[in-house]
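J.: Chain by chain, the residues:
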Amino acid sequence: MSSPTESNNFFNEFLDDYFAECEEHLAVVRRELLALESCMNQPQIEGSILNELFRSFHSIKGLSAMVGVREAEKLAHQMESYLRSLRDGQISLKPEGFDALMSGTQILERAIGAYRTKEDPPDIDEIISQLEACNPPVVAKTPTAAITPFEVKLKPEEKKRLEALVSEGKQIWHFVFTPSTELSKQGIGVNAIREQLQAIGELIYVSPRLNANQKILFDFILATQEAENHDLGSELKYLTGEPYQIPSPVSEANSGSSNLKVEPPREPEAPATAEAPGEVEAIGTVVNRTESERKESEERTETAPAPAEVLETSEAETSNNISPAKSTSPLISGSNLVRVDLPKLDELMRMVGELVITRARLEENLKNLPPSFPAARRRTLQEINLTLERQLRDLRQGVMQVRLVPIAEIFARMQFVVRDLMRLTGKQVALEISGAETEIDKFVVERMMDPLLHLVRNAVSHGIELTEERLKAGKSAMGAIALRASTAGEMVIIEIEDDGQGVDIYRVLKRAKQQGLLSDSVSETNDPDNYDSQTILDLLCSSGFSTKEEADLASGRGVGMAIVKNTVQELGGCVKFTTKKGKGSHFIIDLPLTLAITDALIVEVSGQTFAIPESSIQEVLSVEHKGIIRLEDQEIISYRGHVFPLRYLARLFNCVVTTDESEKLTIVVIGNSVNSTGLVVNRILGLREIVVRPLTDPFLQSPGIAGATELGDGRVVLILDVSTLISSKIPKIIKPQQFINSG
Amino acid sequence: MRRILVVDDSATMRKMVMASLRDVKDVAFSEAGNGLEAIEQLEIAPFDLMILDLNMPDMHGLEVLRFVLNHPQYRETPIVILTTKGDDESRTEAIAAGAACYLTKPFHPKSLSGEIVNLLSEPCWSNVH
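Same order as they appear, the protein sequences are chains Z and V. All residue numbers for the first sequence refer to full-length UniProt numbering, where the first residue is 1 and numbers rise by one. All residue numbers for the second sequence refer to full-length UniProt numbering, where the first residue is 1 and numbers rise by one.
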């Protein structure tokens, strides 16, 4: 190690890789730490959790040392040693130790982040001494003897696990995989096989072995659900597999005895045993025989039709849920992950967008073909155009899929936030996460980080009450916050629900008036029932609004909710909200899966054309003029038992209103079931796939306009921002200039 | 052309190792991200030298080492242990098991390439049993 700086420079070209890999390891750490927390009070911690943690810190340590991030290296080393002691059973997990791991992880993340942004590294001395305190030096014990790779020899813990699984009624299998160059060319390697096996059961033991011909084999011992037995054959056609019996103490004592009957824990329904019972018996005892006998049977395994193959053919006839493609295609190696820069994907999406517009132009031109054009050829062209549209849609879907990442990334961070706040506020909160596997656009995930952080903070600091208050109110001491995600069509729904005290509507209204957000004319109507929850939400989301007299550390200075609302709107989504005093609050955020391309209704108003995203449209109505009710200065209509206000798009944009009293009105109903508004338009031109181009120039941005798009004929059309258009009923209670400012 | 198998569960680390060796003449690389994959390479992509990490998800590097040196075709193959520093006991164990040399991370690119060039240039490398 002559000069560390020189070698650090040498490895600078790998910094991006370094950050990306650390990010992956930290994600694993966060996930496993949460799993670890749940075993805190259990006598035994699952070894795999500690192993995963240990390995992630170990990797971070090694990588950090290479690129010269000293703080990260030191800290990761300290956490690694603590985990080693835990793993080796030298010490047991205590709450202090767990806290040290949690805060250590956060500091580690900061240390790596600081290196990236070239800031000063965080101080790690305190956390290091915390970790050291949890991990007193113990006499190092001799490392566990390495297993000899020539026999299926289970370690005591593996044997124990196996026995436990057998007693649960699991089916135990012994698979042998023989790698070869041919298989490898088809992408079938030991990694792929292992992943396949892990997907269908619990892998207890894997080890390489040399057979008599000096050929490399891999042994896998796998536990599966009984019900899954009949699938094994088709999934694992490159393997030979047979039921496995744990060597009993007797057979271990005299390992030469081969008269052990192979009786799977329960008789499997798989035809393998029925069709080739002799074979299974012979192979199944493999593990209990002497070395020479074993090699003999090995040969048989390789030449004789393996039970697994028998399984496959008989299954293929009887079951049609195995598609031919699945059984013929080689196993795909799951480790073929590719890291792609987000800008590259953006560029790809942009190109798809261009294609969509080009196709729209093609369609436009097809429509304008002269009548003299032969009908047969016209039809052919139209068919091609339709095929192109479908294929483009598939392409778009494909590109979109690539951009999707599980929301777990940010959900896992919320656990950390809640824990921190619990310590800060002394409240007891359990955060329950569901739907973390829900996938959402990478860009959206990153943008949603702050809003979610804010909502969760709010839920803890404003929502959940102090323990004694909760007990007084007859609630359980432990507050509950649920964080949920789910997909509904082209939308992703994120919910944050707490069982706290709910929003005090009186106080919100009072503060709103003090801050001039509510006009005095409504000062008499202080009855909360007069305000729907959406109005309250709008108030909460007004910039600068805060019910706290003073800002506290946990929840900001009243800009948070405004950030929530603005971000969600920018992403083309909407926030819904319900609250019940004493019972809690519930925020629901609807977000579009993707931003770039969407379906939209093209409408015409006073000669101008606008696009309304289809996702926000409930329905389109055609209403007689006499169906309109005038109420004060509002026009409303009653439809399907609901009453909702009408807004003339022409008036909103100061266009000349051209309505003919004799004609029916065309109304586009937008918003959600609670909050509908009818937009009056002149004509519906059609449903188109549009490419959303955001208006980023602040001089061009205007409330009610989300962006622009280009139609097939080259015209530029403005896309309406539906959520702002709905909230523009607010002028009733909010001063007009306030609306303009906050819009 | 000599083939070097780089075994490390960190893709970034493998890249760093290969970058450090890019000036070594007439070598080609293959990679493995875990112990089993490394052993599979014995069968499907024979190599002349192995650079091996110790801490890996499935098998310990020492198990891989023992397996490789037990294989008749690879008894003489030099294996370079490249592991994160700190475990002195595994150094003696690795050397005893037949490792050609034991290097630690962080490593200097030049010192790694120097060791590798030396090992590859030895016409008949003998095992230190």
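A hint or two may mislead.
To be verified - Some chain Z residues judged to face chain V by a derived CB distance under 8 Å, without partners named:
{"hint": "1", "residue": "Phe10"}
{"hint": "2", "residue": "Phe14"}
{"hint": "3", "residue": "His58"}
{"hint": "4", "residue": "Gly187"}
{"hint": "5", "residue": "Gly189"}
{"hint": "6", "residue": "Pro208"}
{"hint": "7", "residue": "Ile216"}
If you are wondering where the hints come from, they were derived from the structure by calculation, not from laboratory data. Note that this is a predicted model, so its numbers are computed, not measured. The beta carbon of each residue, even a glycine, is placed where N, CA and C say it ideally should be.
J.: What are the numbers of the hints the structure violates, in ascending order?
T.: 4
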